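Those protein sequence lines, which keep their order, are chains A and B. Residue 382, in the working numbering, is where the first sequence stops; the numbers in between run on with no holes. Residue 382, in the working numbering, is where the second sequence stops; the numbers in between run on with no holes.
Please keep in mind that the hints were generated in silico from the structure rather than gathered at the bench. Nothing here was measured: the structure is a model prediction, and the numbers come from that model. Do not take every clue at face value.
Claimed, not checked - Pairwise CB distance ranges (calculated):
1) 226(A) with 361(B): 31 to 41 Å
2) 84(A) with 173(B): 35 to 45 Å
3) 243(A) with 377(B): 52 to 62 Å
4) 173(B) with 299(A): 46 to 56 Å
5) 297(A) with 160(B): 14 to 24 Å
6) 230(B) with 135(A): 22 to 32 Å
7) 93(B) with 285(A): 51 to 61 Å
8) 174(B) with 103(A): 48 to 58 Å
9) 81(B) with 301(A): 34 to 44 Å
10) 147(A) with 160(B): 26 to 36 Å
11) 346(B) with 73(A): 46 to 56 Å
What the hints assert, rightly or not - Negatives, chain A to chain B, calculated, CB over 12 Å:
12) 99
13) 121
14) 139
15) 368
Positions of the beta carbon are idealized from the N, C-alpha and C atoms, including for glycine.
What follows is the residue order along each chain.
2 protein chains.
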Amino acid sequence: MTNTKYDVVGIGNAIVDIIARCDEAFLSNHGMEKGFMQLIDSSQANELYADMGPATEQSGGSVANTCAGIASFGGNCGFIGRVAVDQFGKVFAHDIRAIGVAFDTPASDVGLPTARCLVLVTDDGERTMNTFLGASTELVPGDIDSDLIGSAKVTYLEGYLFDRPEAKAAFHKAAKISRAAGRKVALSLSDAFCVDRHREDFLALVRGGVDILFANETEITSLYEMNNFDDAAGVVRAEAEIAVLTRSEAGSVIISGNDTIEVPAEPVEKVVDATGAGDLYAAGFLYGLTSGKPLETCGRLGALAASEIIGHIGARPEVNLKTFAKSNGLLG
Amino acid sequence: MTNTKYDVVGIGNAIVDIIARCDEAFLSNHGMEKGFMQLIDSSQANELYADMGPATEQSGGSVANTCAGIASFGGNCGFIGRVAVDQFGKVFAHDIRAIGVAFDTPASDVGLPTARCLVLVTDDGERTMNTFLGASTELVPGDIDSDLIGSAKVTYLEGYLFDRPEAKAAFHKAAKISRAAGRKVALSLSDAFCVDRHREDFLALVRGGVDILFANETEITSLYEMNNFDDAAGVVRAEAEIAVLTRSEAGSVIISGNDTIEVPAEPVEKVVDATGAGDLYAAGFLYGLTSGKPLETCGRLGALAASEIIGHIGARPEVNLKTFAKSNGLLG
Chain A
51 MTNTKYDVVG IGNAIVDIIA RCDEAFLSNH GMEKGFMQLI DSSQANELYA
101 DMGPATEQSG GSVANTCAGI ASFGGNCGFI GRVAVDQFGK VFAHDIRAIG
151 VAFDTPASDV GLPTARCLVL VTDDGERTMN TFLGASTELV PGDIDSDLIG
201 SAKVTYLEGY LFDRPEAKAA FHKAAKISRA AGRKVALSLS DAFCVDRHRE
251 DFLALVRGGV DILFANETEI TSLYEMNNFD DAAGVVRAEA EIAVLTRSEA
301 GSVIISGNDT IEVPAEPVEK VVDATGAGDL YAAGFLYGLT SGKPLETCGR
351 LGALAASEII GHIGARPEVN LKTFAKSNGL LG
Chain B
51 MTNTKYDVVG IGNAIVDIIA RCDEAFLSNH GMEKGFMQLI DSSQANELYA
101 DMGPATEQSG GSVANTCAGI ASFGGNCGFI GRVAVDQFGK VFAHDIRAIG
151 VAFDTPASDV GLPTARCLVL VTDDGERTMN TFLGASTELV PGDIDSDLIG
201 SAKVTYLEGY LFDRPEAKAA FHKAAKISRA AGRKVALSLS DAFCVDRHRE
251 DFLALVRGGV DILFANETEI TSLYEMNNFD DAAGVVRAEA EIAVLTRSEA
301 GSVIISGNDT IEVPAEPVEK VVDATGAGDL YAAGFLYGLT SGKPLETCGR
351 LGALAASEII GHIGARPEVN LKTFAKSNGL LG
């Protein structure tokens, strides 16, 4: 195996989040299911935005958030995703580069604007997401940089990519290059509805092409169409090399061969905004893994990063995560 | 005097803030004076942005922030300012309308993009601002809606408008309409450097065309070229009908005829980001004044709104200010 330049290269949707607070009635009046993500088109996005309260904009995107987190821990990270030549595209590119992630996918100058996600945060800190994928849908297999993928210890893929055939093809191309180079492939199931839309594809991947699987409780039970977390965890043990299952305030479970490692959630004073909790857990975990830490430490780094992100609005860290982990005794 | 439809109509620059944290060295390395605002051109904005850390975007603009605050208190408010037809323009228009401010200035579809302010926040919570005025400079006297101005109890003008001759002409037109309709004119001196650039104009306005003057300590001493706050306060008493002088944690002083009303600052746990403190003080004060409250209550509403804004990132309120004031016993 040649030297690795990157710890992780992520491939996902390049999104700017537009975050506003709302009450429970707003969600039900707009037919949203609390805590989930739905895809919306341009006119739905305009209508919903007009109804929303004053907002804050911050770069987002699930795997992009993870890459930002890994860079904040001090990991070498690259990101592949498509923005447009517009102000949100500049915002996305600035933020991910400014935190230290290599990002060189050319911006699209035809067609759709940069993706945006209208995030509604209720008083309990739960987030409900409405994504207009825009230019993110223009990610094509040609955007997958073989040298970049081949030089990364882990290629991390976003389940949401499966929502578009071209992006799905890009996903498969990246996984193939990574495996051919003797690297690891990691996958996030993204969202229970996303799993529902692509169950057969995801099952095939877990059984054949993915080394590290990230899922929360609703996603893993949806994947195996089981009602019970323990049953689903039992099945995934036989199918995935490493499965990392997050359960919000109940902590996380790392399953690898015969090992089962339970990691408690880090206590937080108040959940201000849950956006990005899973993404930042993955950041801590993948940073730990690619730094050669034991799985339990990987999980604790994930839990710590998640605790930082849910204490404030937005899905990008407000503090340097390496410093934060050191001050919590998790890194030397 | 005919009925008033609006409590306050504000005229100012329509800006989106791009807010990032930095250390003191970043400011000195980039030749910035901490706590002040400087105007920058497009290429300076691009260079500085490339050097800045990951950021958050939020609508801003001094008088626009004040209008948002007045609306949050429940006041009827309108805003006049120029954005471009771009994503930041949509963000600005959305946010100010979503909080309840009437905003109908047509977006500019030629030339410069929507104004942006690169705000650097140091660990002490102080903000240093770098503004690219963009489309804001395209505000012209024709944008001043006479019916709107004539129907507002107070027209509130931003000193920063004086940085462009066309905007200055718009400013004078608005002040003239307001006076002719028997309304009040309020002015914010905006920034000590701004006062330095336009001292003679501002002195003429304070002596002749402005009923309510807002200034902080550095602005009022700069206006009269005095080293001492008390000396400057003594001079302004003879020249302005009402002068509202803010002094950060030392509170504020309201001067009107023979009256001198001292209002303490509201205690805050930690100054996270001072951006908008003066703007929100003005919001509380003008809401109180146009609701017929005594001057001391106006000052206390201002101090309360300022305390809310400095407790978080960004210059727009995160809570409903009417509810906040009621829970603090300031409104019935």
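Tested hints:
1. 226(A) with 361(B): 31 to 41 Å: 50 Å, violated
2. 84(A) with 173(B): 35 to 45 Å: Because 36 Å falls inside the window, the suggested range holds.
3. 243(A) with 377(B): 52 to 62 Å: 39 Å, violated
4. 173(B) with 299(A): 46 to 56 Å: 31 Å, violated
5. 297(A) with 160(B): 14 to 24 Å: Since the Cβ atoms of residue 297(A) and residue 160(B) sit about 54 Å apart, the hinted range of 14 to 24 Å is violated.
6. 230(B) with 135(A): 22 to 32 Å: Taking Cβ atoms as reference, residue 230(B) and residue 135(A) lie about 47 Å apart, which means the hint is violated.
7. 93(B) with 285(A): 51 to 61 Å: Check passed, 58 Å falls within 51 to 61 Å.
8. 174(B) with 103(A): 48 to 58 Å: 30 Å, violated
9. 81(B) with 301(A): 34 to 44 Å: Given about 49 Å between the Cβ atoms, the range is violated.
10. 147(A) with 160(B): 26 to 36 Å: 31 Å, holds
11. 346(B) with 73(A): 46 to 56 Å: 35 Å, violated
12. 99: 6 Å, violated
13. 121: Answer for residue 121(A): violated, closest chain B Cβ roughly 10 Å.
14. 139: Its Cβ does come within 12 Å of chain B, the nearest being 9 Å, so this is violated.
15. 368: With a cut-off of 12 Å, residue 368(A) comes too close to chain B, as the shortest Cβ separation is near 8 Å.
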